[in-house]
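*Asks:* Protein chains in written order, with the numbering used here: chain V, 1 to 302; chain U, 1 to 326.
To be clear, the hints were calculated from the coordinates, so they are not data collected in a lab. We put the CB at the ideal spot given by N, CA and C, even for glycine. Please note that the accuracy of each hint is not assured.
[Stated by the list, open to error] Partial selection, computed: residues in chain U whose CB lies under 7 Å from chain V:
hint	residue
1	3
2	7
3	58
4	61
5	65
6	91
7	92
8	97
9	107
10	117
11	124
12	184
13	188
[To be verified] Chain U is faced by these chain V residues, among others (derived, beta-carbon under 8 Å):
hint	residue
14	37
15	41
16	176
17	180
18	189
19	202
20	203
21	204
22	208
23	250
24	256
25	257
26	258
27	259
28	260
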Amino acid sequence: MTEPAAETTVGVVAHRSRLRTTAETVLRNRLAVFGLVILVLLVLVALAAPLIAPYTINQVDVANRLQGPSSQHWFGTDELGRDVFSRVIIASRVSLQVGFVSVGIALGLGVPVGLIAGYYGGRIDSILMRLMDILFSIPAIVLAIAILAALGPDIVNAMIAIGVVYTPIFARITRGSVLTLRDAVFVQAARSIGASDLRIIGNHVFPNVIAPIIVQTSLSLAFAILAEAALSFLGLGVQPPNPAWGRMLSEGRAFFQRAPWMAIFPGLAIFATVFAFNALGDGLRDALDPQQRSIIESRGRS
Amino acid sequence: MTQPVLSVRDLSVTFRTREGPAKVVDRISYDLGPGETLAIVGESGSGKSVSSLALMQLLPTPPAVVEGEAIFEGRNLLTLDEPEMQKIRGNRIAMIFQDPMTSLNPVRTIGHQLMEPIELHLGLTGRAARERAIELLHLVGIPSAEERIDDYPHQFSGGMRQRVVIAMGISCEPDILIADEATTALDVTTQAKIIDEIKGLQERLGMSLIWITHDLGVVAGVADRVVVLYAGHIMEEADVDDLFRVRRNPYTRGLLASLPVPGRTSRRLEAIPGLPPDPLRPPRGCPFSPRCPYVADVCVREEPALREPVPGHRSKCHFDPEDLHA
Chain V
1 MTEPAAETTV GVVAHRSRLR TTAETVLRNR LAVFGLVILV LLVLVALAAP
51 LIAPYTINQV DVANRLQGPS SQHWFGTDEL GRDVFSRVII ASRVSLQVGF
101 VSVGIALGLG VPVGLIAGYY GGRIDSILMR LMDILFSIPA IVLAIAILAA
151 LGPDIVNAMI AIGVVYTPIF ARITRGSVLT LRDAVFVQAA RSIGASDLRI
201 IGNHVFPNVI APIIVQTSLS LAFAILAEAA LSFLGLGVQP PNPAWGRMLS
251 EGRAFFQRAP WMAIFPGLAI FATVFAFNAL GDGLRDALDP QQRSIIESRG
301 RS
Chain U
1 MTQPVLSVRD LSVTFRTREG PAKVVDRISY DLGPGETLAI VGESGSGKSV
51 SSLALMQLLP TPPAVVEGEA IFEGRNLLTL DEPEMQKIRG NRIAMIFQDP
101 MTSLNPVRTI GHQLMEPIEL HLGLTGRAAR ERAIELLHLV GIPSAEERID
151 DYPHQFSGGM RQRVVIAMGI SCEPDILIAD EATTALDVTT QAKIIDEIKG
201 LQERLGMSLI WITHDLGVVA GVADRVVVLY AGHIMEEADV DDLFRVRRNP
251 YTRGLLASLP VPGRTSRRLE AIPGLPPDPL RPPRGCPFSP RCPYVADVCV
301 REEPALREPV PGHRSKCHFD PEDLHA
């Protein structure tokens, strides 16, 4: 969009798009910027991982097993002499992928459900939201485990499972925001110019509910990555010999006394990623939707 | 009168509530001629907005039940299906809402919103739609429209926003424009400008206007004919000059007596005593009988018909105005 310095008859109104205002508010928040920097680094590392990694992930070197961090092996080696650093950065790919894909699934399912339920109300609303309540009432990890038990342990299935688990959150947040808009005058005005329901939902309702959805997306990415770690820890996510932070954590457990680095570094990676998404999410929330704070916090789930 | 553009016959709107049916519009009938301005006046809750929303099929049904007919181009608007209705809304019959602060979408540019009816009904897209939108903004008197089209509603003042809303309303050159308290939320000087604007556009486009308001001052300025609604009933209908000269109905008298008269500072405003009836429990007989200063036995016993003692002047009262000089 062009940015004319709008000198108006009403006075000088700074012409700033909402995107820009939001970006500025986020960038003033140090914690959010810190989170953003970590995430950018993480994504870059994940993209360039095969180039950066000094060893391949399954390069076994039994002679050098369980070595502590050194200049050859920055994060030490595991029980088979594999380089922990290489495995941690390669594993970042799968963690981010699972995070983005599963949250994408949750968005793709939850947002339309919320829009339809909130806009039409009545029986449609009751049916859809009771379905969401059922999903919501089952503890997330248990539901994911059940889905994986049915579909078989596999990374794609893990993404689907996590996506389904987080669908109700998006449905609820979207519906809640839509409810306040359904009777808005501009929605009725849109109807009075002959717009169809689909058009009203797409052009008038959806753009007004994006803010809380963006915030929830960032926070959900953190949860999704944690969920993937938990599933992989239980052996239900990424399958050997591919590395995943959760699996490395669980494998490192047996050697924690002799080689704590095996668990510490993947643990730190999980911590940093989740922290970064949360910090960014908080920053976005403060910028986009200050009054949503308490609502989202009360909806937080383990 | 020539063939009316819109003929409303026995339009009733009932809301089904938990406590029973509430009839908020009760068998109202009127004709709207081509190029004519019809003012519908009444207090809050008299059914004036609801009756026009019903015409556009914009009331949620249920809980609303709409009966009667509204003939527009030989078709009954109240029974058209949704796709047909969507072709009429904004295109042939457009509507302007009361509050310019809330009738525009806050997160979309006014250009986007203005182009919506143009794209929907005129089949214009892209550049052509944008140019038409700019043209419309010029038409409603928005300076430097080329730049302002990419602004958001919050960057406009109330009067300017209402101009944008009007531009949306007339974008497809409708046959009928319904202005629902279109100037009520504006200050008096802006109100006068907007009224002039709409009247000018009406002459230019030859459209008919339904002007819904509670402001009799505005009515005197804009209307050709006036329908006075009370508790969902038409109490009086007349040409505007007639109405202000001979008020046949006690309710209209009360309404006018409650207006301040410039220069007469000593007079206290006369409020009509009592409150409008609860639509869940309408009074027996005449709906205005509980508050009417001229009430007689017959008023409580039976509902008066909407009589037409003088051609073109209808009044819902058992008595003629001459009898009412009590």
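*Asks:* Run the structure past the numbered hints and jot down the numbers of the failing ones, going up.
*Replies:* When the structure is compared with the hints, numbers 1, 2, 4, 5, 7, 11, 12, 13, 14, 15, 16, 17, 19, 23, 24, 25, 26, 27, 28 turn out to be violated.
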